[in-house]
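Chain residues, written in single-letter form:
There are 2 protein chains.
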Amino acid sequence: MPFGDLSFSDPKFSGYLSSQQVLADYVSLINYLKDSYKVPSYQNPVIAFGGFYGGILSAWMRMKYPSVIQGALASSAPIWQFEGMLPCGTLYGAASHPYIVESMKCANSIKVSWGQLNQLGTSDDGLKWLTDTFKLCSPLKDVKKLKDWLNEVYVKIAMNNYPYPTNFPAELPANPIKVLCEHLPDPWVKREELLNNIFHATSVYSKMAASGKCLDLEKISEGDQETLAWDFQSCTEMIVPICDYGTTDMFERSVWNITEVSDKCFRKFKVRPNPGLAEMEYGGKNITWATNIIFSNGLLDPWSSGGVLKNLSSSAVAVVIPEAAHSLDLRFANKADPESVLSARKIYKKTFSKWIKQYNKQKSH
Amino acid sequence: MPFGDLSFSDPKFSGYLSSQQVLADYVSLINYLKDSYKVPSYQNPVIAFGGFYGGILSAWMRMKYPSVIQGALASSAPIWQFEGMLPCGTLYGAASHPYIVESMKCANSIKVSWGQLNQLGTSDDGLKWLTDTFKLCSPLKDVKKLKDWLNEVYVKIAMNNYPYPTNFPAELPANPIKVLCEHLPDPWVKREELLNNIFHATSVYSKMAASGKCLDLEKISEGDQETLAWDFQSCTEMIVPICDYGTTDMFERSVWNITEVSDKCFRKFKVRPNPGLAEMEYGGKNITWATNIIFSNGLLDPWSSGGVLKNLSSSAVAVVIPEAAHSLDLRFANKADPESVLSARKIYKKTFSKWIKQYNKQKSH
Numbered sequence: 583m584p585f586g587d588l589s590f591s592d593p594k595f596s597g598y599l600s601s602q603q604v605l606a607d608y609v610s611l612i613n614y615l616k617d618s619y620k621v622p623s624y625q626n627p628v629i630a631f632g633g634f635y636g637g638i639l640s641a642w643m644r645m646k647y648p649s650v651i652q653g654a655l656a657s658s659a660p661i662w663q664f665e666g667m668l669p670c671g672t673l674y675g676a677a678s679h680p681y682i683v684e685s686m687k688c689a690n691s692i693k694v695s696w697g698q699l700n701q702l703g704t705s706d707d708g709l710k711w712l713t714d715t716f717k718l719c720s721p722l723k724d725v726k727k728l729k730d731w732l733n734e735v736y737v738k739i740a741m742n743n744y745p746y747p748t749n750f751p752a753e754l755p756a757n758p759i760k761v762l763c764e765h766l767p768d769p770w771v772k773r774e775e776l777l778n779n780i781f782h783a784t785s786v787y788s789k790m791a792a793s794g795k796c797l798d799l800e801k802i803s804e805g806d807q808e809t810l811a812w813d814f815q816s817c818t819e820m821i822v823p824i825c826d827y828g829t830t831d832m833f834e835r836s837v838w839n840i841t842e843v844s845d846k847c848f849r850k851f852k853v854r855p856n857p858g859l860a861e862m863e864y865g866g867k868n869i870t871w872a873t874n875i876i877f878s879n880g881l882l883d884p885w886s887s888g889g890v891l892k893n894l895s896s897s898a899v900a901v902v903i904p905e906a907a908h909s910l911d912l913r914f915a916n917k918a919d920p921e922s923v924l925s926a927r928k929i930y931k932k933t934f935s936k937w938i939k940q941y942n943k944q945k946s947h
Numbered sequence: 583m584p585f586g587d588l589s590f591s592d593p594k595f596s597g598y599l600s601s602q603q604v605l606a607d608y609v610s611l612i613n614y615l616k617d618s619y620k621v622p623s624y625q626n627p628v629i630a631f632g633g634f635y636g637g638i639l640s641a642w643m644r645m646k647y648p649s650v651i652q653g654a655l656a657s658s659a660p661i662w663q664f665e666g667m668l669p670c671g672t673l674y675g676a677a678s679h680p681y682i683v684e685s686m687k688c689a690n691s692i693k694v695s696w697g698q699l700n701q702l703g704t705s706d707d708g709l710k711w712l713t714d715t716f717k718l719c720s721p722l723k724d725v726k727k728l729k730d731w732l733n734e735v736y737v738k739i740a741m742n743n744y745p746y747p748t749n750f751p752a753e754l755p756a757n758p759i760k761v762l763c764e765h766l767p768d769p770w771v772k773r774e775e776l777l778n779n780i781f782h783a784t785s786v787y788s789k790m791a792a793s794g795k796c797l798d799l800e801k802i803s804e805g806d807q808e809t810l811a812w813d814f815q816s817c818t819e820m821i822v823p824i825c826d827y828g829t830t831d832m833f834e835r836s837v838w839n840i841t842e843v844s845d846k847c848f849r850k851f852k853v854r855p856n857p858g859l860a861e862m863e864y865g866g867k868n869i870t871w872a873t874n875i876i877f878s879n880g881l882l883d884p885w886s887s888g889g890v891l892k893n894l895s896s897s898a899v900a901v902v903i904p905e906a907a908h909s910l911d912l913r914f915a916n917k918a919d920p921e922s923v924l925s926a927r928k929i930y931k932k933t934f935s936k937w938i939k940q941y942n943k944q945k946s947h
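So the sequence lines, in the order shown, correspond to chains A and B.
Going letter by letter, the first sequence gives residues 583 to 947 in this note's numbering.
Going letter by letter, the second sequence gives residues 583 to 947 in this note's numbering.
Okay, chain A solo, but in the shape it has when bound (with noise of 0.2 angstroms):
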């Protein structure tokens, strides 16, 4: 945060946050650290590890710098969620999958939700009890932002699905989503009942049911100054397209509109967004000739259906993990742990071996 308080206030200041510059201030990184320790550079191949945008910013780094970098771990990195690159229904479609799976029951639960929430939100009365049920901290005015935070905490259940109780990034039990679709064994209750029970269910994340406190949407969208450094760059150049088409999944059909996006943007930040660019810097679809990387994806991960899930060459190579939520494959290891997660640890293991040896030869020529 170069500017502290002052960073996202003007472009001028926040400007300077682009994934090129992200790139480059790693490669100073790692010449400053190579020069600290005085370590022979050529003695020193350095890989890349990252998850999501992290593992974004890895492959790309081994892209942009393969005289830096030896190899890099792209783990649940969606380098093709981009504008152009995919239907803006996939993430939701994914989304569905791991709920579909765990219950159709609860996914249809789910879906048959959002009926009932728009009928609420159109009476005083009705948002007044979706107030009181969700216990909010402030009166509801427009159902929408409430349907918002639903949407959120279903991508983000999934995406920390893990097997085992986690505290990072959320405090959540293990198998989330089996806890969260208990409470949704019946879509065909009235409907009070079942906004109750998606209440309950999404207090999984929320931990609203048992606690005194009440929830304040206002705080959760607004975010700390990392959700901000994000938020800043989906403006500029992390151009997401998010769209639900209504028919096949859980979620409520919605639009994607890259004007309203756009306004949005220069509303918060002053800017607007570059769809292509993205694209335009780091080559989309079109590459082929990237080497040393691995990109490794959950398929219990909504983020999956925007990462490489085939081999682009022989070493630029897609580890596929059917058990696994995101970078499952990057957290600690857990006697929780599937198969396929240790499995893929292995062929990592191996890979850099083998990167470590390639480097130590050229070097030696």
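There's no promise every hint is true.
Remember, identical chains collapse to one label, so a pair may be satisfied in a single copy or spanning two.
[As the list claims (entries may be wrong)] Derived lysine-lysine pairs resembling PhoX-like cross-links, with alpha carbons at most 20 angstroms apart: (1) Lys687 - Lys772; (2) Lys723 - Lys693; (3) Lys801 - Lys727; (4) Lys945 - Lys892; (5) Lys789 - Lys727; (6) Lys594 - Lys616; (7) Lys867 - Lys945; (8) Lys594 - Lys943; (9) Lys727 - Lys717; (10) Lys620 - Lys846; (11) Lys867 - Lys616; (12) Lys939 - Lys772; (13) Lys892 - Lys943; (14) Lys729 - Lys846.
None of these hints come from the bench; they were simulated from the model.
Please read these numbers as outputs of a predicted model, since none were measured by experiment.
Following the hints, complete the assembly by docking chain B onto the known chain A.
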């Protein structure tokens, strides 16, 4: 020049001039052109061409944007002429080579002249004599200024030592080193005669002997906006260390002092050099991963000493042209072109055709 006359007045304007920005601009331009012509982009492989700085950019562009350009012809591109990559005496050594090959007496005349210029530079009478002899527009106060100009002329004539008369980048006769050296048949004539010969020799470039005009050393060293643009970049990332060991070549001994350069840059542009930047950004000598680049160098060109003279990989190859000066291969065809240039051009055509086929094959998958 997005800020017109202000472009070089302050780093807040000039800061936008970086090779990274230039490459990104070309990517935008290519996209814009493809859109404008409304031809499906898969029918349009793009190959970058360039000489000298443009050759450096062409090679770097293929290295950074292999999805945007299918290959690059980097002619006379001294991508290894930067700080930390080669000894500072290399350029003057290479610039002496064609003079020595033309006539040892010619090279020795130039070698001897530096001491004589220094002798005359110590007295007012001597400076007056030099002012008159070299037809300078204003009285010479520091002999270094004249020596700097002579250095530049010798290097430029070596660069443009083409086998036919040229108007661009300078107006020169065919084989200008040969013509220049005809004025320098004997290094051991007395001082005033030798320096008068030097004046007539360098008039091949300056035209002062024949013209009624005077030589304005100020004007030449100030330069136009194009020169300023290069000067700025040579003060930020394009740090080309130049010195002379004063032993085996025809130039005067000189040292390379980064502190002096840095102070000069700060006075002129309010910026200081980042000597490691070019190597960090573009990989320095560790670029065996590069693909689809032809590095062509004429061995008569002083800058070939910082070029790629050996294949880097199976598709990033060196084409060495013994009889060519600076980027002769990129000039229009001429009857006087040596055989080695004709062969080089044939290799280019064949290689481009291979790249285009490769592109079409990839695209059809």
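The hints, checked one at a time:
1. Proximity of Lys687 and Lys772 under a CA criterion of 20 angstroms is satisfied intra-copy only: 14 angstroms inside one chain copy versus 105 angstroms between copies.
2. For the homomeric pair Lys723 and Lys693, neither the shortest alpha-carbon distance inside one copy (22 angstroms) nor that between copies (87 angstroms) is at most 20 angstroms.
3. In this assembly of identical chains, Lys801 and Lys727 lie within 20 angstroms of each other by CA distance solely inside one copy; the values are 12 angstroms within and 67 angstroms between copies.
4. In the homo-oligomer, the alpha carbons of Lys945 and Lys892 lie at most 20 angstroms apart only across protomers (17 angstroms), although the nearest pairing inside one protomer, at 30 angstroms, exceeds that limit.
5. Taking the closest pair of Cα atoms, Lys789 and Lys727 come within 20 angstroms of each other only inside a single copy of the chain (19 angstroms); across copies the shortest separation is 78 angstroms, beyond that limit.
6. Taking the shortest alpha-carbon separations for Lys594 and Lys616, neither the intra-copy value of 32 angstroms nor the inter-copy value of 31 angstroms comes in at or below 20 angstroms.
7. Taking the shortest alpha-carbon separations for Lys867 and Lys945, only the inter-copy value of 11 angstroms comes in at or below 20 angstroms, while the best intra-copy value is 31 angstroms.
8. For a Cα distance limit of 20 angstroms, the shortest separation of Lys594 from Lys943 qualifies neither inside one copy, at 45 angstroms, nor across copies, at 44 angstroms.
9. Proximity of Lys727 and Lys717 under a CA criterion of 20 angstroms is satisfied intra-copy only: 14 angstroms inside one chain copy versus 81 angstroms between copies.
10. Within a single copy, Lys620 and Lys846 get their C-alpha atoms no closer than 48 angstroms, and across copies no closer than 31 angstroms, so neither meets the 20 angstroms cut-off.
11. Taking the closest pair of Cα atoms, Lys867 and Lys616 come within 20 angstroms of each other only across two copies (18 angstroms); inside a single copy the shortest separation is 34 angstroms, beyond that limit.
12. In this assembly of identical chains, the alpha carbons of Lys939 and Lys772 never lie at most 20 angstroms apart, being 64 angstroms within a copy and 64 angstroms across copies at closest.
13. Only between protomers do Lys892 and Lys943 lie at most 20 angstroms apart by alpha-carbon distance; the minimum there is 19 angstroms, versus 28 angstroms within a single protomer.
14. Proximity of Lys729 and Lys846 under a CA criterion of 20 angstroms is satisfied intra-copy only: 18 angstroms inside one chain copy versus 61 angstroms between copies.
When each numbered hint is compared with the structure, violations occur for hints 2, 6, 8, 10, 12.
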